[in-house]
Structures are given as structure tokens and as C-alpha cells.
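Asker: Let chain G serve as the given structure and place chain C on it in line with the hints.
Okay, here's what each chain looks like letter by letter:
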Amino acid sequence: MLKQYPTLRYILQRGGWYFLTFLVAVTINFFLPRLGANNPVDIIMGKSASGLSAENARIKEESYLKEFGLVKVDKGEIVRNAEGKPVKASGLEQFANYIKMCFKGDLGTSFQKYPKKVLDVIAEAVPWTIALQLPTILFGWIIGNVLGALAAYRRGVFDRVFFPVALLISSFPFFVFGMLLVYYFAVVLNWFPAMGGYAQEIIPSFSFEFLRSAAYYYVLPFFSIFLILAGGQAIGMRSMGIYELGTDYIKYAKWLGLKESKIIAYLFRNAMLPQLTGLALSLGTMISGALITEMIFSYPGLGMAILTAIQNNDYPMIQGCTLLITISVLIANFTVDILIGFLDPRVKAGLQIGKGN
Amino acid sequence: MKKGKNVTVFLMGVLLSGLLALQSCGGGKPKEPTDESGSSFPRTKTLYLAGSQWGDPNTFNPLAESWQAAWPVGDRFNLMYEPLLAYNSLDGKIEPVLGTLVSKDNDSIVVDLNPEAKWSDGTPVTSADVKFIFELGRRFKNAATAFTVEFITGINVAKVDVNGVSVERLSFIVDKKGRNNPLVILDHLQAVRIVPAHVFEKLLSENNNDLSAVQKLKIDDNPVVSGPYNLETYSNEKIVVKRRDDYWGAKAIYGGKLPGPQYIIHPIFKSNDHFAIALQKGNLDASQTFIPRIWLKKKDGVSTWKADAPYYVPGSIPMLLINTTKAPLNDKNFRRALAAAINYANIKELAVSGYSPDIQPGLIMQSGIEGKYFSADDAKTYGVTYNLENAKKMLADAGYRSVFKSDGSLDYMTDKAGNKLPTLSIKSPAGWSDWEAMVSIAVKGMRDAGIDVREGFVDAGLYWPALPSGDFDLIMHKPAAAVTPSLPWSRFESIMSSRNWVPVGGDNKMNENQGRYNQPGTKEYNKAVDSLLKVIPILSDDAQLTEAYRQLNKIFMQDQPALPLCHLAEQYYEFSNANWKNWPDETNPYAPPLLPWIGASTKILWQLQPAK
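From first to last, the protein sequence lines are chains G and C.
Under this note's numbering, read the first sequence as residues 53 to 409, first letter to last.
Under this note's numbering, read the second sequence as residues 2 to 613, first letter to last.
Looking at chain C on its own, in the form it has when it is part of the complex:
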């Protein structure tokens, strides 16, 4: 008994002391990225922005895949590593960053490298750096930027004299035998960030020329960058970048001025609601997150680009892709009936909080830069709008018949030959609430029209593989999401191109046109689609371009290979004037409605002023 008691006391003691030890170190973060300790960032010098980093920051390596690298290295952010050019999605102009666009034709795109551009270690940014990243795909097939070599045959460098200054002039030569697409090269020039070749060549030679080994490095310790900010510290809760007071562009681009905020902090939240709370409380200055019913936050000082609905500038089109190889979805009359059965007004009001304009049929947005290609007449003549009676009539005309149960609810559908059709399913990732709402509204309308279809909300782990392999009836997707100079061509290309057409089955994958529309070699194959997609990137005459887009959009509306649901902002842009003021908006549109690290919006950082 006595012995037992001692052991009990001992074990309790172990537990307790363990608890105390853990408690004392509990709050401590295990790893510190820098040796700076406990210092604060004064609110008046610090900008808090969010919406570009969602999980733990894993690597800051600019050679890693863009989705792997953390903000501001991944994606198309240009705070640390800069692109040659920046695209202004408001006016369609190309603005200078490391380079200046000189000319663009069907043979080459010519860019002058800014002779003032310098890396943070003092060495100049040269054509060797540009060639390194754009041609990395020739040396290593697994390079993240390997896509560039499909479009350019090479980069010619010449020394020219511009206003008495010797400048490196780079000509990106269009691969005419290959993709022959100067439009996409322009995309690349503002998406690919230039990295210091002298640093990465050294790392490559230290790692036996093994790119995978170099991609594993985190490059988070005082990296050599050219941009206005550099990595200060990071943890799983936030990433901090600090202004570089020796940034080359201050003198060369911004007339000797440095950006306003000394620090930019990107907090990492685990739930969407926290962005709204933080904005309302003034803990966040701007964000790019979907916040439902944004008008309710106005009283707390949260603003958007437009003061009234639709609040945001449309940039991308969430849509239902249709598997056109499967009966009855291979029948374009059936697909058009689907389009007529969707209540687009309900999707706009109920699924996306009214953040979409009233949409017109087709793949071209009515407003913004691409608005000039839109034809209202064509939309009226060839397009299908929401009309249940019309949908039912189209189905009946095409020989489809709906069979109802005795209680009046839909049982199944039969085809022309009277055979029972299987229930169709719309795949969408479970938990993406706005997409789920869109799908539910579409399903409701289709069932009302007598089409036997159901929601198929699946795990994201099943959704992503299903898309390229064509393992779906209908599937939610947002093609050509990034706002780039190549829109709306890239949207048509990613839905209608048969360039890489392979049938569904086996290991076959298609990374565009996942609905397998327009199969080459069949009698239904419409050659015009692929030739229009090929010719648009090399057209420079505006009238010809408009005509080509009209033709393509007409075919889209007639064949309906996909069902556009609404026009959403690609980058939701909300801001608060509580701590920093002079954000661009519709009345003061000096930069596009994006966070100040994307494209031409970086200049916002030079315009912001402390509010107090």
C-alpha cells in the first residue's frame, strides 16, 4: 500500500512538472526565421494586407512552383522579384518595371532593360538574368517556368543607345513553327519574375546541376532581390517584408520617392470570416477575400472599388464545363436547353451577394477592356437566356421527354429513342460555399425544366483529378482566372481548343477544353474554332480582331460547350481608410483594383498616406 502510494505521488509529480514545463514554454514559437527578437512594427509605418497567402509559408524560392512559394515570391507578386513589365487591367496598357516595352509584332516582342536596375547585392540586372529564367526550361524540363520555351525560340540581345544611355535591348523571338503566339509571350513578360542568375547559377553548380535540389532550398535568409521590399521575418501566422531604402526604382521610376509603408505584414488566417472582422476593426488595411454582404461592413469603414453593386470589377467567369462526349450532353440542343434553365439572376443575388453584373450570353464580358469585342446583337440572335418554357420547348423539340412521379416530382428523362437517361451530376468541390450555391441554383432550374440532374459535391482531392481526366458530366471551373493581356483569347482557348485533344479514359489528360469539345477527325469537327484560336493572337488590326472574336463567340453560343454562370471579380479588393488613406477606387482610379503587389497596382504603395 505504502509503496503504491509513493509511485502514485511520483507519477502525479511527473505529470505536473511536465505540465509546468510545457506551460512555461507553451507560448514560445519553436523556430525563428531571423535573430531579431521581440521588436514591434509601429502601426503608422506598417501596412497590413491579406488574401494572398492561405497556408503556412513553406518556401521563398523563386524557382519553386508558383503555388508552392509563399507570398510575395509565389504567384505574380512583384514586391521582391520583379517582372519585366506590368499589365494595367484598367486601360490595357503595359507599364515598365525592370524593362520597358518598345514594340510588339508577330516576329518578336522587344523590351529595353532599365540600365539603372540593380539587385540588392549591388550587381546590375542584366540580360543574363532575363535569359536565365526564360530559358531555364530548355536546360531543365521540370523548371517551373518551362512553359515559356514553348513560345519563344530565343532572346536576342543588342546594345542600343537610348537618349545617350547605353541600354540592353531584348528581343523575344516568337516561335512561329511552334505555338506562334505573341499574345501569350506578353502574358509571360508580366508574369515571369526575373531572378539573379549569378546567385542561382552558383547554387546549381553547388548542387551538381540538379534543379530539384535547388528547388528544395528555402531561399529565406536575406535573399538577393530587385524589388522594393525584402523578406524580414515569417512564421506560420504572418509574413513580414521590409522596405529597401536602396531600391533602384525609387530614382529610376518613382522620381526619387520610396514607398510609404516601411513594413508590410501579411497575416495568415485560417478562416474567411477573420478578414472581415480584421478589416472592420482596423487591424487590416486591405484584403482580397470574398466577404458576403459587403454593404453591411460600410459603417465600419470597409470600402470597395465601386460604392454600389456590383462593388467589384469583373475579371473571371465561373462556369459549368460540359462533358461533350457523353450522351445526352453531346447534343448541342440539350446543352442549350441547360443554359436556358439556369436562373442567372438568382445566382447573382443569392450565390455571390450581387457581386456580378447582369450577364449576357457568350464568353465575352460586356464591360472593361474586352467590352469592345462584345456584340449585343449577336448575344440576342445566337445566345440563350433564362427561360424555363423555352428550355422545355427546346428539349421537346429535340425529342427528350421528362417522366414525372405521381406526386409531380421529376422521375427521369428519356431520349429520342425512348431510352431512360441516367441522372446527370454536377461536380464541384465540397465546402466552396459560393460555388455550391451556384450549383444548387443551376440544379434547381434544370430540374424545373425536367432535366434529371443532381449536385455532386466532392472532396477537393477528387475534384482536381476529375477535371483533366474528363471524369464528369458537368463540372464547376473557372478557366483563365488570372487577369492578363491575353484575355478574352485565353478564356476561349481554355474552353474550346482541340490542340491537345485526347479521348476520356486511361491516363489521358487535357489541361484545357476538359469537356472534350470539338473532336478533330469527326464529321461534326468545326475547323473554324481552332483556326480562329490560332489567328487571334497574331491579328493586330482592331476591326479584324473584333470580327474574329465575334465569330468565335457566335460558335460558342451556338454550340454551348460550357455554361457561364456569372462575372466575378478575380481579385476582390476591399480596403479600410482607418490607418492608411488614398486607396484607388472608381472615383480615383490611379491603379487597378488589386492589392499593391500585383501588376500595375504596385504603385499604390507610393500613393498611400498615413491616415493619422
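Bound-form chain G, shown alone:
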């Protein structure tokens, strides 16, 4: 039907698959945390029940089960079986309820951060996560790739120095590198603060004072991720570049006597394709936060919220965060799929043939 619009057909086809993936992912995200033997109310009761008689502990437990929608409720009362025990809501009933709430834009209330709404927790943390991750990932990717391409093309002394350094940096674990930065630049030299997202004596607002403080506190966490990322990207790009240098089209271009800048542009464009997929993946997962960085620098963000949610079986929080991650991974991948459609001559050629049919 859309034969005369191959690009549109390509996009719709991809979109359809992504939607299907989304549905499967949401279902799995919902049921996976519930497969374990432990339930969140038991964890909460571990903290709430001390000093209570058995009877009052049971009453309290039931009020939690009801509040969190884990038992069947009829007209505000818990449905009970013949022995008087509450009837547990089945996984499917909870799932139906979850989907219904999702359509109303309500991701539920966190068990562990009760009575905070999951959406509020996400809304507070995500700006920090994006502010930390997006620039580091993009700059790290761009600078790493440019340096890698240069190293591949230039070779010589530049490459001989650059390559081992990049290899060394990129093989540092995040936490070791972060701690070294804190130790040297915060504790020994005292140039930068050791932790936090902004100075403690400031209330966050859109003032110059706050932004300046946030920028100052941003430096160490930024470099702890940026350098490692750039190093890794550079190594990947360098080997891709070297591979492309040996291909026939580059040799042909050189033989034709094309300008060097033109050849680098071709080289870069082709070597970049796998790197682009890598970028999509890291952009997609960036929402899940840089947990290690958050812990090393006590930096605000979603990573810690996800960790505590998983540790405490906080179903609504896990669902909310995985939903967000799923959506962002899929959007990032979809975008790159479309971009590759335009950038990769092979995919484009495939589309052109499609038009011919």
C-alpha cells in the first residue's frame, strides 16, 4: 500500500516492531520482580512490627497489603477466605490494575518511599541524571570518535602516544577512576568539592548563585565518566577507521587523488555506523542513571532510587523506572534506526530497490 513511499513504510514497519517490543518489555518488567519468594510487605513489617503483639502486627500487615493493592478488596473491605485470611490479588489482576492506572498517567505510590508518588520521585531525579549523563555521553562520543578517526588516519607518533593512553583510561573501572579523582582533586588539592550536586548552603532555584555552584560541583562527576567514555569510543573508532582504510573505496579515492579532507569525511561516515548504534544504546540506558557515580559523589539522580527499589521489592517504583528505561531505550534505538536508514548507503539502497518493485 505504501509502496510509493518506501521511507515511510520503513519507519512504520520499524515502529510496529518497536511497539510490540514495548508491550513485551512492559509485561516482563511487571512480572519479573514478582517472581521472587519475598514480598515487599514482609520487608516493611521487619521495620514496623517490633513491639507489637501478634494480633496488632497482623492487623498492620493487612492494612499494608490493602493499601498496596496486594489483596482483593471489595467495597473498601479486604476479601477473606474461609479461614479469615485475606485473599491475595493474583498477578493478572494486579497487572490489569497497573495498565489501567498507567493510562490515567498514574504510576502508583512507592512502597518504600511511601507516601511519595513514583512520578514525583522520577521527576525529581531525572533532570539531574540527564544533566549529568547526556552531555558526558554526547561529548565523550563526539570527542572520542574524532580523536579515534584522527589516530587511525594519521598513525605515527600521535597514534603511538594516543592509543596506549586511551586504552589505559578506558580500562579503568568507573568507581576506581571516580575515587582517584575525589582523592586527588577534592581531598589532597582541595580544588573541587568531594560530593553533592551543589553547595549545601544553597536552596536550588534559577539563580546565578545556584547555577554557578551546580557547575562547580559538576566538574569531577563529569570527568569521571567523560574520560573513560571518550577513551573507549576512541579505541573503537580507531580500529573501525583502520579497517575502513584498507577497503577498496578508500584506495580508489586515494588513487583518484581526492582531497584528504574529503577522504576523511567518507572514512568517518562509514566507520561511524557501528559507533552510532553504540551511542543509541548508551543514550537509551542513560536514564537508569550512573549509579556508581551517584554513590561516589553523592550526586542526585535516579540510579540510587532504582537500586533501593530493587533491594526492597518496591514494585511500583521498579515498574515506573523500568517503564521509563524501556521507553527511552526504544526511542533512542528507533531514532538511530531511522538515522541509519538515511546514513547507511546499504540500507538506503535496499529502500531504493523497494521502490523499484
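Read the hints as simulated data drawn from the structure, not as lab findings.
Predicted, not measured: the structure shown is a model, and the values here were computed from it.
No residue lacks a Cβ here, since even glycine has one placed at the ideal position from N, Cα and C.
Be careful, since some hints might not be right.
[Stated by the list, open to error] Estimated spans, in silico, between C-beta atoms of each pair:
1. G:S142 x C:A328: 35 to 43 Å
2. C:E207 x G:Y70: 22 to 30 Å
3. G:K156 x C:P125: 43 to 51 Å
[Said to hold, decoys possible] A few chain G residues facing chain C, derived, Cβ under 7 Å:
4. K168
5. I174
6. E176
7. N365
Answerer: Quick look at chain C alone, frame taken from chain G:
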């Protein structure tokens, strides 16, 4: 080709502009609790304290469960909502807050309400407020303070004349038919914070008398409080409280003086190391966190209560609870052999940085207020200390035999009948590093003694449910953690009481005595344990009390239902004199070694002076 290029440029543009937009708003915090903008808190007027709030602040509702509400509303902090009384863990005295302790006997505990006490909206604190929170559990079973109604039948109010002033006198009537325990009521009087009844009754009626709905409110916008500080602002990175210059207690308790710091900021860190760094840099004035090798921080001005080891004042006992229903752990000779196989000196030095005194057998600490109940003779006669040879002998005498592999390492153990025993496991939450170290040292000693046992570090999500359901062989636990007037009784109660005894299995849960010690109805059942636990709270004669504790401790040492590992500080208390001075310590013990919002330590705030 051309069209494709345009789209590429367009998409790149979208990405870039998105990036710019995000960058420009990136640093901005989404939500602001108050409309105050960009103002700073001058360092000379601000006290930075930490260690009471670990995650995001979620609610400031005093009716929420104590672990849900953020500092300083949750737990037993009395900066915003105040209790009637405060307990001084140094001298065991009860100090006045909203009320003054008049008398305490086995019928009732009598407290005079301070007639000067006022809420921040100007209305007086009355007996109606006290009754509201203490009797909320009668109206709503799910109230966070429901535990109080198990102990009191009611509160009688009388108007009396004290030095010419009319005062409301409250008598908390001991429920003699129920728990009959005035000791725990005393605990409650210094733990339960009084909330303004007029505010919460109104909220309840607005929410159709549904407590769950009221518990969901955050109560973070200019709340009505009685304490010396009120909530100023908060975010996920910190909580700020501001001094109330019209605090009633300034005149009525502190001779017209206000606390020194105008602001108190509680920063929220995500990693334990940050407390040490912040203290060293003078960014934090006091903290209550476990900082290993604290003596190394001394050169940076970080001090503790004691200048030398063990640095802190012991307050709680981390221990291994034993599942006494499971063979071979149901054999007290085997349990005593376990106790003899643990190298307590190593636990003290290696697991907890030397922050424990050398411990004696039994459940009573040798120092502090409970030290008067400790008998060194009994500990020597009935207790078990670290002695590997003795442990092996005890096992052999009881008929247990260890089987070794050809390389000399332990293979398994057999019981009296020669049957192979399963490998025992010690459950402990993964990642709690000091507990993990204690468990590893215990396992090493037990294996050296020929006992087949292994570490079982599990996710906290599996640890908490395992505890009440009895799903363990041995498990790490710190019972009766809070330092309260009812210690050491509450420690014995939480390990040895069979009041709520139910077997392991099904939905059965026990919130004390999780090791299922002393099963009623069996021929081994020791009636003396439960009757001693029942009688101690109503004994007032010191000699009788000491004798009762001696009896109980003797039974504990003989039966060994749990394995105490060390005596740790309940509230680690480190401070720095860089910005504020005159903190209490061993040489200047004007308040207990706690942060200045717990119990009788609130008075520290009136004693602190700016250092510069």
C-alpha cells in the same frame, strides 16, 4: 540524496536543541518545597549534622510510621514534635520536656503537663493533645502508635495546683490485666511525640475519618509544632530546619535562652565515606555514622566521646540468634560450644575498629547504668568464653564428631547417632560490612572447632522476612537497639520471651524471640524465664531487681539461645570543633553522647558556641 541530507540535518538539529534545552535547565531542581529562592545560610549561624536521614525525605507527617517520616519527624527526634519526657542515658534520669515526671509505680505513671507549653500557632498544649496520640490506637488499629494501647488502659486527667499554678496532671494507668508493664510505658512517654490534636482532628474529619488518607499527607508546609525548630525547606540532598524564636521552652525550661544555631542542616549523602570527608573538611559539625579507624581522623579535628579506645559508649549488642527448634541447634551443649568457638577479641579489633569493650558472657553490659546488674562471678561460673580446645571438648562430650578431608580441612559433622549433619548457615544482610566481618570471624572460629558452618550473606529483601518467620539456622540481629529506660529488660524480652511463641512454618511470625527459644508446653520449658520477664518491670526494690536480672542472665548463659558478639555504640557520635565548640564528651559530660535531637541531648543546642 538531497532530501535525505535535509532530514539528517533536521534530526541532528533536534538532538542538539534538545541537548541545549536540557543543559540549560539541567542543574535546576524540579520542585521547591518553599518559595524562598537562592538564599544562603550563613555558616556561623548554621549547624551541619548528619546520620539520621539516609534516603530521600518522603513525608513529614508525624502520624506516619516512624521509619517513613523524614528527620526530624520520624524516629525519636524531638526538634519539631516533642515527647513528654526525655531519657538521659548517662545517669538514667528522666528529664522534663512537655511534661515533668511526678511519680511512677505499678498502678500508674504520673506526669504534669507544662502549663507554658504552646504550639507554634499559639494554642496551648493540653491533655487533649496527649490523649489524642496515646489513644489513637484505640480508634485506628493501623495507627503508628497503636502499640501504646497494649500497655495503658487510659489517661486520667486532673487539675492540680503546683506552686500556685494550675497544672494538668496526667496519670497513665497501667493495664494490669494486659501486659502489666510500667517500664515500657516509661519508654513510650519519651518515645511518642505529642502532635496538635486540633490540627489532626480537623484533617481526620476532612478525610471522612480515614487515617490512611491522613497518613498520606506530607504535612511539610509550615506545620504546627511545639519544638524549638520548624521545617524550613527540604530537597533530596538536604533538610533544613529553622529556629523558632517564640519557642515556649526558651522561657519555661532554658531560663529565657534560645538555642545557639539559627539553622540546622541535615545533608543527605549516598555513601558512608562522605560523612568522614565532610567532618574532616569542617563541612559537617557532628555525625552519627560508623567511621572505621576514627583515630586517623583526629589530626583533622574529628573527636569522639572518649579520647581513646573504645571511643564510643556501648549501647547495643549485635548478636547471632540461633534457631533452637532445629537439630543440632536445639541442643544447648552445641550452642555453648558455638559460643566458645568465636574469637571475640578478633571481632572487636578487626570487625568494628576496636569500638567495643572486651565483652563478658551474658546479656548485660558491664558498664553504664545496667552495669549494676552485672555479676562477674556469675559470668565466670556459668558463661562461656573463647577457647577452641574447650569448644572441641564440649562437642566431643555431647557426642558430636567432626570428619576431616584428607587435606585436613573440615568435611562434615555427625551427631550422637552417627548421622551426618547438614551444613549450617549464618544469615546476614549482604553489604553490611561490619556485620559481614563479624560473621566471617565467627565462621572461621566455628570451623576451626570442627563445626560445619558457612556464611550466608543474603539480600536485605530476604533477610528481613527470614527473621520473624524463623527461616534460618543462625542469623545476625541487633535486638532492642534503641537506648531506652527499659534496658536491659527489653533485650532479654526480645530474645527469651515465649509470650507470642508460634512454631516455624506457614505464615507464622514472631517479632521477638525469633529463635523460638523456650517452647511452652514441652518438658524442657523453663517457666522461670517468662515469670522473670513478667516480674522485672514491676519490681522497684533494687536488691530484688538485681537478683532477678542475675537469675535471668544465668539462664541465658546456661541455655545460650543467642551469641552476643560485641558491645557497640547505638549512636556513634563524632564531632568537629571547627565551626561550633563545646560539644559534650567524657571530660565535659553535660549531655549523653547523642546528636542534639535525641532524648536528653537536645540541650546541647543551648550549649554550643560559634568557634570563630
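Asker: Now tell me, hint by hint, if it's right for this structure.
Answerer: Against the structure, the hints:
{"no.": "1", "hint": "G:S142 x C:A328: 35 to 43 Å", "in the structure": "38 Å, holds"}
{"no.": "2", "hint": "C:E207 x G:Y70: 22 to 30 Å", "in the structure": "46 Å, violated"}
{"no.": "3", "hint": "G:K156 x C:P125: 43 to 51 Å", "in the structure": "45 Å, holds"}
{"no.": "4", "hint": "K168", "in the structure": "5 Å, holds"}
{"no.": "5", "hint": "I174", "in the structure": "10 Å, violated"}
{"no.": "6", "hint": "E176", "in the structure": "5 Å, holds"}
{"no.": "7", "hint": "N365", "in the structure": "5 Å, holds"}
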